[in-house]
Amino acid sequence: MTVLNSILFYFLAALAIGSALLMVTRRNIVHAAIFLLAALLATAGIFLQLQADFLFIVQIFLFAGGIMALFVFAIMLVRPGIPSQPPRFTRQRFVATILTLILAAQVFFAVVLGSGSLRLAARSVDIAPKNTEAVGDALFRQFIVPFEIASILLLLAMIGAVVISRRNRDAFD
Amino acid sequence: MAENSSTTDKATEPDSTPELESTILEPPGPENPHTATRSELSEFFRVLLHAGRPSFDVVRHLFNDDVTNDHVTASPVIFHLTWLMGFVMALVAFSVLPVGPAFQITDLNIGLLFVLGISSLGIYGIFLRGAGSLREAAGFISCATAIALALLGALLLSGSLSMKEIVQAQLDQGQWFIFYVPVSFVIYFFSSMVAADRAALDGPDAGSESVGAQMAKYGILRGAIQALPEYANVAVLAGIGTTVFLGGWLRPLASYHDRFPDTSVELLDVLPAIAAGALALYCFRLAPKQDTRKNRIALFSSAGSCVIAALLLAASLFWRDSVMQGLHGAFWFVAKVGANIYCFHWIRFRFLHSEFDRFMRLQWRILIPTACINLLMAAVAIVTSQNTGLPMRFTTIVSTAATLGVAFWLALHRTPKPSMQAADAE
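As they're listed, the protein sequences go chains A and B.
948 is the number of the first residue of the first sequence in this note's numbering; add one for each residue after it.
1145 is the number of the first residue of the second sequence in this note's numbering; add one for each residue after it.
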């Protein structure tokens, strides 16, 4: 069972990383969006393997179903009629190298420093039935203040986006 | 003279054919479809051939070419992903629908979210199709919002996402949730009609006024496979509505347990058998009035299957309890889903389909705000009855009245929309 589990994990992980790479390198923006979708779904599969049912379905429902759908929306609205040969990348190698090095250093230090504490606790037999309740409890009891602050921030961002788009439209009239 | 003989031959032909065909006991080919009389056996084979025709057609269309525009350089992967996506997702969504306590493929504790999430993935089928998909997707998202908000009203009552436990909660509370949150059900019903692209509210696809991309771009079979999820979605959405609002597999008056004297058979459990028997009787009476033999045979066979169903349902009353529960649960679930789908089509045949902007206005200005208010009111009603001990019936009636008041206010106070028109004029 554990062997099967790890095979499944490596498959999903490879799928996620592979499609994330392809997402960055594809020229066709719709193809990139589809690979992003594949990466999100593979991550959802990993969540499911960890018995995090609720996170699994939220990943599918919100990210794959909602946010990605909005991405595709944006792609279609911004660029109706995707050209078969989109423009090449702007290669800012210098900035990219620095950012990549910083990120790599972060990951490296996290792994080195936390190698003792990063180990996952052994899974209890069946944590799935309490999943939704546990998430709700964490969000609305333990972390209610950060949660509310984040929701107000998102609301402000939404209203701001509406206001900005309306102002532009008024300028057109 | 020769001409004369040929005309007499033609005239006598109908008389000569019965003897000819009675000697040949094989189904006649398509070479003489209009002979006046036939032996019963050959007629039977002919009807069978006709009945099998759709399946022959499927095999034939399997080998049709797709219509692709080579100069657009359609990507083959996306091309095939499109029809697979909607199809697979629609069928996967069936896996958690509880058709009776015995017939459910799997009971996830996130069942309801699973169905919604999986069917929200089906939207990629629409997206990747191309033509007109932006409009479809916009309609889909707006009705998915209303559906989620409406379902939340019932989830407050059930306290669980598992489909089985939602039905169990309705059994325990002695009331289908439609009676506690009727506004939620109405919003769910109309939004699911939009989501399933049924006419009258078929804004997203507008199948009655336009040719969908799936028909224009794909060969017949792949086009049909893309039309299939629409019907699968109708069944799935009706199934969700039945499970969440209409008590799933529960019998009407599920808490009424009076029995026939000296037996363990409950009074109301004979209803399914009687209903199936009545349907059989109806088909039997209708069958002789049909003018074509094909219709007669179809009606007779459906009457026969209704008789079998009635016998099964009646016999199960005296079997083990689990068998009885399973069969009768399946009957009630299917009957409720059928009634739901019937209402979809009723509305479809009765009303003309509405314009896209009109139904978007209905969604965003009336249904979604009403769903929000309804959710708040339902929560208030539940908390009130928990804290004060008032019966849920009373508090939910008050909250429903308040919600309806808000809905009417929304419907009557149409905000002026100069900016919208200006935007349209651009």
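Calculated from the structure, these hints are not laboratory results.
Please note that the accuracy of each hint is not assured.
Here are the computed distance ranges between Cβ atoms for each label pair [unchecked claim]: (1) A:A961 / B:L1315: 41 to 49 Å; (2) B:H1489 / A:L955: 42 to 50 Å; (3) B:C1487 / A:L955: 16 to 24 Å; (4) B:H1205 / A:N952: 25 to 33 Å; (5) A:A961 / B:S1408: 55 to 63 Å; (6) A:A1108 / B:R1505: 15 to 23 Å; (7) A:L1103 / B:R1494: 39 to 47 Å; (8) A:I1091 / B:I1418: 35 to 43 Å; (9) A:I1111 / B:V1221: 17 to 25 Å.
According to the in silico footprint, chain B covers these stretches of chain A (three or more CB under 8 Å from chain B) [what the hints assert, rightly or not]: (10) 975-982; (11) 1083-1094.
Facing chain A, from chain B, some residues (calculated, C-beta under 10 Å) [to be verified]: (12) P1220; (13) I1222; (14) P1245; (15) A1246; (16) I1249; (17) N1253; (18) I1254; (19) F1258; (20) I1267; (21) I1491.
Note that the Cβ used here is the ideal one computed from N, Cα and C, for glycine as well.
Evaluated hints:
no.: 1; hint: A:A961 / B:L1315: 41 to 49 Å; in the structure: holds, 46 Å
no.: 2; hint: B:H1489 / A:L955: 42 to 50 Å; in the structure: holds, 44 Å
no.: 3; hint: B:C1487 / A:L955: 16 to 24 Å; in the structure: violated, 43 Å
no.: 4; hint: B:H1205 / A:N952: 25 to 33 Å; in the structure: violated, 43 Å
no.: 5; hint: A:A961 / B:S1408: 55 to 63 Å; in the structure: holds, 58 Å
no.: 6; hint: A:A1108 / B:R1505: 15 to 23 Å; in the structure: holds, 21 Å
no.: 7; hint: A:L1103 / B:R1494: 39 to 47 Å; in the structure: holds, 45 Å
no.: 8; hint: A:I1091 / B:I1418: 35 to 43 Å; in the structure: violated, 55 Å
no.: 9; hint: A:I1111 / B:V1221: 17 to 25 Å; in the structure: violated, 37 Å
no.: 10; hint: 975-982; in the structure: holds (count 4)
no.: 11; hint: 1083-1094; in the structure: violated (count 0)
no.: 12; hint: P1220; in the structure: violated, 12 Å
no.: 13; hint: I1222; in the structure: holds, 7 Å
no.: 14; hint: P1245; in the structure: violated, 19 Å
no.: 15; hint: A1246; in the structure: violated, 22 Å
no.: 16; hint: I1249; in the structure: violated, 16 Å
no.: 17; hint: N1253; in the structure: holds, 5 Å
no.: 18; hint: I1254; in the structure: holds, 5 Å
no.: 19; hint: F1258; in the structure: holds, 6 Å
no.: 20; hint: I1267; in the structure: holds, 6 Å
no.: 21; hint: I1491; in the structure: violated, 27 Å
In the structure shown, a violation is registered for the earlier hints numbered 3, 4, 8, 9, 11, 12, 14, 15, 16 and 21, in ascending order.
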